[in-house]
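Trainee: Listed below are the residues making up each chain.
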Amino acid sequence: MSEAAIPSGSGAILDVDGISMRFGGLLAVDTVSFAVQRGSITALIGPNGAGKTTVFNCITGFYRPTSGRIALRRVDGSLAALERLKDHRIARAGVARTFQNIRLFAGMTALENLLVAQHLPLQRATGFGIGAMLGLSRYKAAEAEAIERAASWLRAINLLDRADDAAGELPYGAQRRLEIARAMCTGPALLCLDEPAAGLNPRESEELARLLTTIRDGTATSSAPTSVLLIEHDMGIVMRISDHVVVLDHGRKIAEGPPDLVRNDRHVIAAYLGEDEEA
Amino acid sequence: MTPSGLAARVRSALVDAGKAALVAFGLFILMVGLRTDVAPAGELFLRTRWAEVGMLCALVFGLRLATALWVRPRLSEGNTQRSAALLSQAGLMFGPALLAVALILPFVPGIGRYELDLGILVLTYIMLGWGLNIVVGLAGLLDLGYVAFYAVGAYSYALLAQFFGLSFWICLPLAGILAAFWGVLLGFPVLRLRGDYLAIVTLAFGEIIRIVLLNWVELTGGPNGISGIPRPTFFGLPFSMGGGPGSFAHFFGIEPSPSHRVIFLYYLILGLALLTNWVAVRIRRQPIGRAWEALREDEVACRALGIDITNTKLTAFALGAMFAGFAGAFFATRQAFISPESFTFIESAIILAIVVLGGLGSQVGIAVAAIVMIGGFELFRDLDEYRMLVFGGAMVAIMVLRPRGLVGSRAPSVVLGGRKRIDASLVGEGRG
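If you read the protein sequences in the order shown, they are chains A and B. Those letters in the first sequence? Residues 1 to 279, per the UniProt record's numbering, in order. Those letters in the second sequence? Residues 1 to 432, per the UniProt record's numbering, in order.
A hint or two may mislead.
In silico contact screen, one side only, chain A against chain B (beta carbon under 7 Å); selected entries [unchecked claim]:
hint : residue
1    : 91
2    : 92
3    : 100
4    : 101
5    : 105
6    : 117
7    : 122
8    : 123
9    : 164
10   : 168
11   : 233
12   : 234
13   : 235
14   : 239
Just so you know, these hints were derived from the structure itself, not from any lab. Note that the structure is a prediction, hence the values are computed from the model and not measured. Glycine included, each C-beta is placed from N, C-alpha and C at the ideal position.
Let the hints inform the model, and build the full structure from the sequences given.
Mentor: Below you can see the structure in the form of structure tokens.
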């Protein structure tokens with residue numbers, strides 16, 4: 001693996017150390033290790049059934065890995081052992097995610113979706129619900145701030161004019177962007193995206209690529225730069241925006257490195273094109 | 001419409017009606033057509049009634065044809081959107097108008113004791129509906145045992161008043177807290193359950209509470225119930241008929257009348273119901289209320305956003321149960337007598353029906369549904385056993401015409417620009 005590809009002056013924000021996931025007799029993920037560097041976009045690729053989503057679900061706590069460790073370095077420098085946390089605790093530790101098949105709150109407006117994402121800071125401002133119930137100013141200020149933040153994200157994803165429309169009514173591409181904005185509204189240190197470009201047309205993919213690089217650089221809104229881990233099948237996007245690529249096949253890591261290197265890797269080509277590895 | 005289009009429509013309507021008549025024939029041939037009777041000699045014989053079967057089938061055919069030709073087109077002519085907008089417009093004024101009527105009801109001429117009693121009953125159900133709406137409508141947790149918390153509230157007041165001599169005003173919050181406690185207690189085991197399974201367990205919970213009340217004779221009096229529950233006082237002034245010193249009538253220098261207590265009870269339940277409404281409306285705009293609705297829409301996404309599902313579900317159960325507890329305490333003080341018979345499953349079913357018919361999550365819709373259901377129940381008292389038939393028919397009609405309840409659309413809890421209603425088809429119903 002080439003150290004040069006990793007942005008300088010950073011460290012690993014996520015350290016996946018030898019995780020395995022076994023479903024009964026099936027070993028879906030076999031001792032996979034990789035790291036996501038702070039301020040980078042890392043792509044997790046591989047043919048169908050390679051175990052990408054399983055790795056993803058282990059990191060975000062929807063599965064508990066059979067063995068191995070996953071460490072997240074928080075903003076304050078402390079380490080969180082994700083493999084021991086429950087899913088909502090992982091989200092609180094600073095890992096946000098989107099889903100392969102969009103999971104927005106369809107009956108709630110775009111704005112409401114982004115406010116639900118800011119549940120924790122808002123809930124803290126309510127004073128056990130009583131203060132907000134009586135309309136105390138502290139909660140009002142917190143809510144105004146949350147709405148402001150949601151509006152800035154809606155602006156970043158070009159949906160400000162549809163803020164009060166139900167999320168389920170939005171076009172498919174807009175729903176994808178809204179789901180990313182919702183994940184970002186939790187104020188994460190690491191954003192995990194499960195096939196964000198699936199079903200998008202070329203123009204929307206282009207917009208998405210731009211959005212992801214602005215999220216990485218922290219220029220999308222006033223929020224801090226955020227590291228991104230994505231699963232993606234659209235190789236155009238992967239090769240263009242990722243800083244680091246990890247390739248899985250049959251549950252095992254077969255290659256990792258900067259995009260150019262991975263693209264020409266013998267094992268990767270074999271995995272995708274089905275060539276005989278001995279050839 | 002072109003003649004050929006009309007002909008096609010008539011043809012499809014005829015085919016449709018023919019199919020309906022065929023189904024009716026299949027059903028009625030056994031249910032109506034064949035009948036075993038006792039002959040004068042005492043043996044059984046089979047009597048056939050083909051004429052009646054024919055009449056029924058013709059009736060089904062005619063009605064189905066009429067629906068397909070006249071009723072259905074009018075419904076689907078694209079004016080549902082307009083009528084929904086109109087309804088929400090009317091709804092804005094309808095709520096306050098309803099409240100105004102409720103406020104002045106006791107002083108409207110011609111409103112007697114019977115009407116007020118009915119009003120109290122309706123308001124109790126409105127309050128229960130609003131309480132259950134928090135659990136079912138907002139959080140999307142199907143609770144079939146809601147009456148259990150109503151019972152907990154009623155027995156809490158009855159027992160606390162009987163054994164410790166506590167007054168109604170102290171017992172009211174205690175009854176709410178105890179019911180909320182039982183709500184949390186029910187919440188814990190059902191946290192992992194969804195949909196049908198949640199419904200079954202809550203149903204069982206309601207029955208457990210009732211059966212415990214029925215069998216724990218030393219404490220609850222079993223089937224005999226608890227009688228002589230203290231009536232409420234006007235902040236310490238009893239409504240005694242004698243009008244002696246210290247009574248309500250004496251204090252205010254008015255003629256003692258039995259209607260004073262009824263009016264007081266009426267305003268008491270009105271106040272409690274409005275409190276429920278106020279809390280439900282305000283909490284919807286709070287993080288916890290939004291988390292409930294998000295939970296109804298997609299639980300997995302909630303977890304990914306760091307929302308603690310356990311706490312969110314438990315608060316919904318607790319808050320919903322608390323209002324049932326308040327209503328229960330009120331019920332006990334109004335009746336002065338309670339027994340497990342008042343807390344059967346049919347009560348849960350009625351409250352749930354009110355919430356579903358009113359439209360999940362809609363405050364005004366639930367109030368209207370409660371008025372129609374409970375008031376209608378009284379109105380059709382003369383119909384005796386056919387009352388249930390009318391009732392069932394009305395319910396089927398509403399579910400056909402407005403499948404998501406009277407007010408099906410959802411109002412956003414917060415807006416950036418203009419307020420828009422969200423169409424019911426987008427809003428999730430929750431799966432536990």
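Trainee: If a hint holds in the structure, say so; if it does not, say that too.
Mentor: Hints versus structure:
1. 91: holds (3 Å)
2. 92: holds (4 Å)
3. 100: Violated - the Cβ of residue 100(A) stays beyond 7 Å from chain B, reaching only about 12 Å at its closest.
4. 101: violated (11 Å)
5. 105: holds (4 Å)
6. 117: Constraint on residue 117(A) satisfied, holds at 5 Å.
7. 122: Hint holds; residue 122(A) Cβ to chain B Cβ min 4 Å, cut 7 Å.
8. 123: holds (4 Å)
9. 164: holds (5 Å)
10. 168: holds (4 Å)
11. 233: Result: violated, 21 Å to nearest chain B Cβ.
12. 234: violated (23 Å)
13. 235: With a closest approach of 27 Å, the residue 235(A) hint is violated.
14. 239: violated (28 Å)
Hint violations for this structure: numbers 3, 4, 11, 12, 13, 14, all remaining hints satisfied.
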